[in-house]
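The chain contents come next:
There are 2 protein chains.
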Amino acid sequence: MKLNKIGEFGFIARFSDKFNDLIKNGQKGIGDDCAVIPKNKNTSFIITTDLLVEDVHFKKEKISAFELGYKSLAVNLSDIAAMGGIANSSFLSVGIPKNTDVEWLDEFISGYQKLSEKYNVPLLGGDTTKSPDMLVINICVVGEIENKKTKYRSGAKNNDIICVTDFLGDSAGGLNVILNNLPDNEDDAKYLLKKHLMPEPEIFAGQWLASQKGVNAMMDVSDGISSDLKHILDASKCAAEINLENIPLSDELKNISEKNNWNIYDISVSGGEDYCLLLTVDKEKFQEIAQNFQTKFNRQLFKIGRIIEGSPEIYFFKNNKNIDLNKKGYNHFK
Amino acid sequence: MKLNKIGEFGFIARFSDKFNDLIKNGQKGIGDDCAVIPKNKNTSFIITTDLLVEDVHFKKEKISAFELGYKSLAVNLSDIAAMGGIANSSFLSVGIPKNTDVEWLDEFISGYQKLSEKYNVPLLGGDTTKSPDMLVINICVVGEIENKKTKYRSGAKNNDIICVTDFLGDSAGGLNVILNNLPDNEDDAKYLLKKHLMPEPEIFAGQWLASQKGVNAMMDVSDGISSDLKHILDASKCAAEINLENIPLSDELKNISEKNNWNIYDISVSGGEDYCLLLTVDKEKFQEIAQNFQTKFNRQLFKIGRIIEGSPEIYFFKNNKNIDLNKKGYNHFK
Numbered sequence: 006m007k008l009n010k011i012g013e014f015g016f017i018a019r020f021s022d023k024f025n026d027l028i029k030n031g032q033k034g035i036g037d038d039c040a041v042i043p044k045n046k047n048t049s050f051i052i053t054t055d056l057l058v059e060d061v062h063f064k065k066e067k068i069s070a071f072e073l074g075y076k077s078l079a080v081n082l083s084d085i086a087a088m089g090g091i092a093n094s095s096f097l098s099v100g101i102p103k104n105t106d107v108e109w110l111d112e113f114i115s116g117y118q119k120l121s122e123k124y125n126v127p128l129l130g131g132d133t134t135k136s137p138d139m140l141v142i143n144i145c146v147v148g149e150i151e152n153k154k155t156k157y158r159s160g161a162k163n164n165d166i167i168c169v170t171d172f173l174g175d176s177a178g179g180l181n182v183i184l185n186n187l188p189d190n191e192d193d194a195k196y197l198l199k200k201h202l203m204p205e206p207e208i209f210a211g212q213w214l215a216s217q218k219g220v221n222a223m224m225d226v227s228d229g230i231s232s233d234l235k236h237i238l239d240a241s242k243c244a245a246e247i248n249l250e251n252i253p254l255s256d257e258l259k260n261i262s263e264k265n266n267w268n269i270y271d272i273s274v275s276g277g278e279d280y281c282l283l284l285t286v287d288k289e290k291f292q293e294i295a296q297n298f299q300t301k302f303n304r305q306l307f308k309i310g311r312i313i314e315g316s317p318e319i320y321f322f323k324n325n326k327n328i329d330l331n332k333k334g335y336n337h338f339k
Numbered sequence: 006m007k008l009n010k011i012g013e014f015g016f017i018a019r020f021s022d023k024f025n026d027l028i029k030n031g032q033k034g035i036g037d038d039c040a041v042i043p044k045n046k047n048t049s050f051i052i053t054t055d056l057l058v059e060d061v062h063f064k065k066e067k068i069s070a071f072e073l074g075y076k077s078l079a080v081n082l083s084d085i086a087a088m089g090g091i092a093n094s095s096f097l098s099v100g101i102p103k104n105t106d107v108e109w110l111d112e113f114i115s116g117y118q119k120l121s122e123k124y125n126v127p128l129l130g131g132d133t134t135k136s137p138d139m140l141v142i143n144i145c146v147v148g149e150i151e152n153k154k155t156k157y158r159s160g161a162k163n164n165d166i167i168c169v170t171d172f173l174g175d176s177a178g179g180l181n182v183i184l185n186n187l188p189d190n191e192d193d194a195k196y197l198l199k200k201h202l203m204p205e206p207e208i209f210a211g212q213w214l215a216s217q218k219g220v221n222a223m224m225d226v227s228d229g230i231s232s233d234l235k236h237i238l239d240a241s242k243c244a245a246e247i248n249l250e251n252i253p254l255s256d257e258l259k260n261i262s263e264k265n266n267w268n269i270y271d272i273s274v275s276g277g278e279d280y281c282l283l284l285t286v287d288k289e290k291f292q293e294i295a296q297n298f299q300t301k302f303n304r305q306l307f308k309i310g311r312i313i314e315g316s317p318e319i320y321f322f323k324n325n326k327n328i329d330l331n332k333k334g335y336n337h338f339k
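Residue numbers (the numbering used here), protein chains in the order written: chain A, 6 to 339; chain B, 6 to 339.
FYI, nobody ran anything at the bench for these hints, they're computed from the structure. Values in this document were obtained by computation on a predicted structure and should not be read as measured data. Be aware that a few hints might be false.
Because identical chains share one entry, a pair is satisfied inside a single copy or across any pair of copies.
[Said to hold, decoys possible] Here are the simulated DSSO-like pairs of lysine-lysine, each with C-alpha atoms no more than 30 Å apart in a straight line: (1) Lys-33 to Lys-135; (2) Lys-44 to Lys-123; (3) Lys-103 to Lys-64; (4) Lys-290 to Lys-323; (5) Lys-46 to Lys-290; (6) Lys-29 to Lys-123; (7) Lys-44 to Lys-29; (8) Lys-154 to Lys-44; (9) Lys-123 to Lys-23.
Build out the structure end to end from the sequences listed, making use of the hints.
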């Protein structure tokens with residue numbers, strides 16, 4: 006049987022249970038943004054790893070070496086942010102085709118270093134090797150959390166408010182600019198491209214949100230909320246209502262979507278790589294947390310829906326009308 | 006400038022210093038078998054990572070899926086052994102070409118699981134993704150050490166005895182069997198192939214040796230002692246004498262080398278992937294440690310030379326005659 010019959014997820018599902026008996030006291034494995042390894046009574050190390058392969062995750066002609074170095078680390082730091090952690094150190098493995106320019110590699114490292122300095126994350130190790138033709142990058146980041154503050158995907162509770170920390174769809178809009186070869190020198194396109202090529206991990210917002218008692222579940226938006234929120238629902242055994250008119254959209258994405266006749270909900274709900282945070286907050290505490298978030302970070306915590314009872318499914322509404330996105334996809338908006 | 010002008014090591018050298026300012030108190034980065042992250046006053050976590058790329062590190066038609074799964078984890082556990090650590094958990098990233106058989110992947114995981122169970126190392130996370138054509142494997146292993154027992158490459162002292170924990174060259178002999186298409190059903194070939202395809206990390210010997218006060222420096226043999234010992238000499242700022250007649254050689258390697266006219270010193274001194282331990286031991290304590298090692302593990306701790314004063318260089322002797330391997334390579338023995 007070929008892998009494309011069962012997909013990557015089918016492969017993970019086939020083996021993830023086989024190691025359960027080996028998991029030690031306090032460790033948490035596959036299923037959240039990071040694995041957890043106890044450090045002491047009060048704190049734990051958290052670990053995340055991401056493999057990026059040329060022509061699958063990036064095309065060298067569509068992203069600069071500096072941006073790729075920055076983004077490769079950013080997507081891993083975003084997983085640390087999703088658990089409310091502080092980044093401790095990073096490990097970089099690179100498989101390099103023989104004809105790669107050293108200047109390109111230097112620029113890659115400069116981008117990686119830029120983000121490392123911003124969040125004080127030393128590169129402590131790695132591996133460098135040849136690769137026959139594709140550039141291969143694997144990054145592993147170790148972070149640290151206070152046990153009592155850690156937020157898991159499984160913590161969502163009935164009636165929780167579902168929020169995100171940033172506009173949705175900007176990164177997917179930037180990808181659309183690239184794929185459609187739109188001019189990249191106009192302000193709207195520039196803004197979206199930056200969000201796609203150099204996403205900002207929500208390390209500081211993640212730490213602050215994790216310290217708030219009303220925050221019950223948290224993760225980062227990597228595949229688009231229609232897919233990511235499903236992970237929270239699966240882990241927390243509940244359902245969700247999302248109000249599409251409340252999805253936060255940047256003016257830049259609105260402008261460019263209108264001009265090019267893009268389906269803005271398609272982009273913002275199932276476009277990935279936003280790397281902002283998706284969280285569920287106790288209904289009673291939402292207003293206070295949202296206000297304090299605004300004061301502390303000078304931006305809004307966007308309420309996009311609520312957790313309801315039921316089997317893990319997302320119900321989309323627009324102006325109180327139920328829209329059957331799950332079955333028919335995004336044709337309603339076209 | 007193309008990478009092949011400066012080599013991979015040149016690339017690492019270009020960037021490893023750039024992160025020094027970010028390294029936190031007690032952390033140790035690039036330069037040993039593992040990085041070190043403090044856990045508490047007495048213990049630290051150690052971390053190692055290895056990237057394996059198809060057609061660079063293995064050929065799918067020359068190693069079974071089970072063996073590859075076993076070996077991929079073994080080479081990482083060997084780095085944990087080299088520091089005297091206990092393995093805590095592993096993280097596996099796989100980039101999988103579309104046409105890969107699911108049964109092949111299942112066998113790969115079975116081999117990985119076999120070794121995980123042997124050393125009680127749970128798989129706590131990872132990443133699975135597509136790859137355009139080559140299979141890509143990145144493994145990261147976290148281990149734990151007692152700070153006062155940790156052995157670094159930099160600890161070698163003048164007059165230390167240089168030892169290894171196993172025969173040298175068996176793995177390279179196995180590779181020779183494969184590359185020369187020798188029959189693989191004879192006992193000698195079978196033995197060497199097993200050493201090459203399923204190397205055994207020296208986790209238990211590493212832990213015991215690390216707990217011995219007379220052991221001053223330790224690392225694992227991954228590239229052959231002529232290259233690995235050089236790392237100890239560089240880090241410890243000393244030189245070494247190696248007595249070629251003391252290099253431990255298996256009967257199987259001797260037999261097959263004689264039959265096929267192989268240069269046995271070439272294979273045992275600069276053939277890689279033995280994954281036994283290379284260590285330097287205080288001269289006064291060597292005899293006691295070697296005796297206890299024999300009692301505990303029912304095998305010999307092999308003395309192959311000694312540390313001397315001087316700039317980092319290895320002087321090879323055979324029957325008291327200096328042999329200039331460094332300058333002229335292995336032609337002396339051909």
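Please write out, lowest number first, the hints stated earlier that are contradicted by the structure.
Going through the list in order, the structure violates no hint and respects every one.
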